[in-house]
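Undergrad: Place chain E on chain Y using the hints.
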Amino acid sequence: MKINRVLLICMAAALLVFTGFYGCAKKQVKETGGLETQKPMQQAPPEAAPEKAPPAAEAEAKEAPPGPKEQPEVVAEGKAVKALQDVFFDFDSYVVRPDDAAVLQKDAEWIKANPGVIVTVEGNCDERGTVEYNLALGQRRADAAKNYLVSLGVPADKLKTISFGKSKPFDTGHNEAAWAKNRRDHFVVQ
Amino acid sequence: MLSIVLSAVFFLPALGIADTKPEIYLSTTKGAGKISVIIPDFEREGGFADPQGRDRAMADELADDLNFSGFFDAKRVKQVKGDPSAWASLDVNDVITGAYSTDGREITISAKLVDAKAGSVIMNKRYPRSLLVMRENIHKLADEIIFQLTGEKGICQTKIAFISDMTRHAELYIADYDGHNAIRLTMDSGICLLPGWSPSGNYITYTSYKRMNPDLWWVSTSGKSRGIISFSPGLNTAAAWSPDGEKIALCLSRGANAQIVTMNRDGKGLNQITHSRGINTSPSWSPNGREIVFNSDREGSPQVYAMDSDGGNVRRLTYSGKYNASPAWSPNGDKIAYVGRESGVFNIFMMDSNGDNVVRLTWNSGSNENPSWSPDGRHIAFSSTRSGKNAIYLMDTHGENVKKLPLGGSCQTPAWSPRLGSEK
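So the sequence lines, in the order shown, correspond to chains Y and E.
Position 14 of the first sequence, counting from 1, maps to 14 under my numbering, and the rest follow consecutively.
Counting the second sequence from 1 gives a position; my numbering is that position plus 1000.
So here's chain Y without its partners, still in its complex pose (with noise of 0.2 Å):
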């Protein structure tokens, strides 16, 4: 007698967290709204909020998207090489210094000795210039690197360039230790 009434009482208790649990679950995304930080944010789905969904997209319809038809295909990413060593700048300049110079010299060796290999110079940047400039910034610096190394005989057609202006620091710290570090043109190998 004793031992049913104990199962009855556990059953009906799990039976009470169980939907309890499946309540809350299901309020949780649509009523507290915000961000919830636990979990990364879903895309927004088709058929979210319909009510809102109409205007929206009779307005998309009337108004063309931007851009051409056609779109360009896909591009694998590169590796680091060992060989291949980064290069560093000086605040807010893209000049190669001479002790680079001496390392990019170095590089252009390998890549000679490489014939098959395309090589990506990446140009970074330290934090303390906006986004819109260094990415630029960036970009002069993957040239410069780029400019020297085909001055020392390595093919145009085997350099890429990309900036990623200061989106990718190597060391995010805050001092000039992280910077100096930051302030870089990194290589990558197709």
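Among these hints, one or two may not hold up.
[To be verified] Calculated cross-link-like contacts (lysine-lysine; reagent style DSSO-like; alpha-carbon spacing at most 27 Å):
{"#": "1", "chain 1": "Y", "residue 1": "K158", "chain 2": "E", "residue 2": "K1210"}
{"#": "2", "chain 1": "E", "residue 1": "K1224", "chain 2": "Y", "residue 2": "K181"}
{"#": "3", "chain 1": "Y", "residue 1": "K112", "chain 2": "Y", "residue 2": "K82"}
{"#": "4", "chain 1": "E", "residue 1": "K1404", "chain 2": "Y", "residue 2": "K69"}
{"#": "5", "chain 1": "Y", "residue 1": "K168", "chain 2": "Y", "residue 2": "K181"}
{"#": "6", "chain 1": "E", "residue 1": "K1404", "chain 2": "Y", "residue 2": "K168"}
{"#": "7", "chain 1": "Y", "residue 1": "K181", "chain 2": "E", "residue 2": "K1322"}
{"#": "8", "chain 1": "E", "residue 1": "K1403", "chain 2": "E", "residue 2": "K1335"}
{"#": "9", "chain 1": "E", "residue 1": "K1268", "chain 2": "Y", "residue 2": "K181"}
{"#": "10", "chain 1": "Y", "residue 1": "K79", "chain 2": "E", "residue 2": "K1210"}
{"#": "11", "chain 1": "Y", "residue 1": "K168", "chain 2": "E", "residue 2": "K1335"}
{"#": "12", "chain 1": "E", "residue 1": "K1224", "chain 2": "Y", "residue 2": "K62"}
{"#": "13", "chain 1": "Y", "residue 1": "K158", "chain 2": "Y", "residue 2": "K82"}
{"#": "14", "chain 1": "E", "residue 1": "K1322", "chain 2": "Y", "residue 2": "K168"}
{"#": "15", "chain 1": "E", "residue 1": "K1075", "chain 2": "E", "residue 2": "K1153"}
{"#": "16", "chain 1": "Y", "residue 1": "K62", "chain 2": "E", "residue 2": "K1153"}
{"#": "17", "chain 1": "Y", "residue 1": "K69", "chain 2": "E", "residue 2": "K1210"}
{"#": "18", "chain 1": "Y", "residue 1": "K158", "chain 2": "Y", "residue 2": "K79"}
The set of hints was computed from the structure by calculation and includes no laboratory data.
TA: Frame of chain Y; chain E shown alone:
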């Protein structure tokens, strides 16, 4: 039938056919006469308690919207006693009473704007909608109250596009202007940067490294469709739409130094409009579309310049400080916000569109970047490291009324939407 009539009666004030003359308060300067308002908790029909706290949440959201607008001094109370005829003793301009009924899926909200001194109802609104858009309807109510009492269109229904790394990658998001309901629009798992809104509010352009190059992409604000606009090798960055939505100005490098070009919205019709040495980037259009303000280091250090939208008549605007950048032309055309660097950190400044009357808006608060104007020209969104991690903040044009948006991850490059949809 009755509900249709009732809805029409409630709807008429929104059409400007108010039954009382609106009190116009145009000034939002510090200390100037604000409209004082009391907002009690919303009342749930039947007097039932609300374990979800919606009675307080909706009243809080309404008070926040009205206070943020700069026109109001809105105070929250639990309840207001007595009936409107006795409210003159409260010594405020207006009382806003809200009521609602909900079954947990649907919520019907109603609200009355009462002139406290006269004891009369100025406006009566009703929103029978799904619970999913509860916050949206309170923002709509706030805009309708702002318009009723000031004659100005509010910004409570606008959005902010921004970049966050909360998924460990820099992706594009949009959120309500108060930071709620953030939705991710990209899944590029690389780096996305520098969102910009089409003037229609239908599309957002952004730079993404999805194809291993900083290309210019577009996404619809619903997130349903996307594509590429400009993919020249090198930079396709800092895109800004012309106010008529026909052209995009952006920064391209194309194997040489960074220049500003304009192109048609389909990506064709490229016209290079800067031709200097050095770096030219960060364009922002004047609201009449005739001029562009931008960042150039052609004279040795990054400064803010203006030019005609075809590139003629270039003139420098900033002369103090060694690094002035990221300019943003105000929607009213009279001001330009920008950043100035000193000792390695940025602060937000504002100047007249001819460079006069420079005013500093942020002080001793980390590094503050990428100012973006609200469509009414009364507020600026920006990123700041003042609390450690990069976050998005809003402030008014005096640098006051600063509000941090409750967003996840490290956030940067905010872009304030135009007015959207029905409230344009």
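Undergrad: Compare the structure with each hint and give your call.
TA: The hints, checked one at a time:
1. Distance check on the hinted pair: Y/K158 and E/K1210 sit about 22 Å apart at the alpha-carbon level, within 27 Å; holds.
2. Straight-line distance between C-alpha atoms of E/K1224 and Y/K181 comes to about 40 Å, which puts the hinted pair past the 27 Å bound.
3. Between the alpha carbons of Y/K112 and Y/K82 the distance comes to roughly 16 Å, so the proposed pair stays at or under 27 Å and holds.
4. With a C-alpha separation of about 40 Å, the suggested pair E/K1404 and Y/K69 falls outside the 27 Å cut-off, and the hint is violated.
5. Distance restraint check for Y/K168 and Y/K181: the Cα-Cα separation of roughly 11 Å lies within the 27 Å cut-off, and the hinted pair is therefore satisfied.
6. Using a Cα cut-off of 27 Å, the hinted pair E/K1404 and Y/K168 holds, with the two alpha carbons roughly 25 Å apart.
7. A C-alpha spacing of about 23 Å is found between Y/K181 and E/K1322, which places the hinted pair at or below 27 Å, so the restraint holds.
8. For a cut-off of 27 Å, the pair hint linking E/K1403 to E/K1335 stands: about 22 Å separates their Cα positions.
9. Distance check on the hinted pair: E/K1268 and Y/K181 sit about 39 Å apart at the alpha-carbon level, beyond 27 Å; violated.
10. Taking the CA atoms of Y/K79 and E/K1210, the gap is about 16 Å. The hint holds against a cut of 27 Å.
11. Straight-line distance between C-alpha atoms of Y/K168 and E/K1335 comes to about 33 Å, which puts the hinted pair past the 27 Å bound.
12. Straight-line distance between C-alpha atoms of E/K1224 and Y/K62 comes to about 15 Å, which keeps the hinted pair within the 27 Å bound.
13. Taken as a hint, the Y/K158 and Y/K82 pair is honoured in the structure, with Cα atoms around 18 Å apart against an allowance of 27 Å.
14. Taking the CA atoms of E/K1322 and Y/K168, the gap is about 25 Å. The hint holds against a cut of 27 Å.
15. As the CA atoms of E/K1075 and E/K1153 are separated by approximately 22 Å, the hinted pair is consistent with the 27 Å bound.
16. Of the supplied pair hints, the one linking Y/K62 and E/K1153 holds, its CA atoms being roughly 25 Å apart against a limit of 27 Å.
17. Proposed proximity of Y/K69 and E/K1210 is supported: the alpha carbons are some 18 Å apart, at most 27 Å.
18. With a C-alpha separation of about 15 Å, the suggested pairing of Y/K158 with Y/K79 holds against the 27 Å cut-off.
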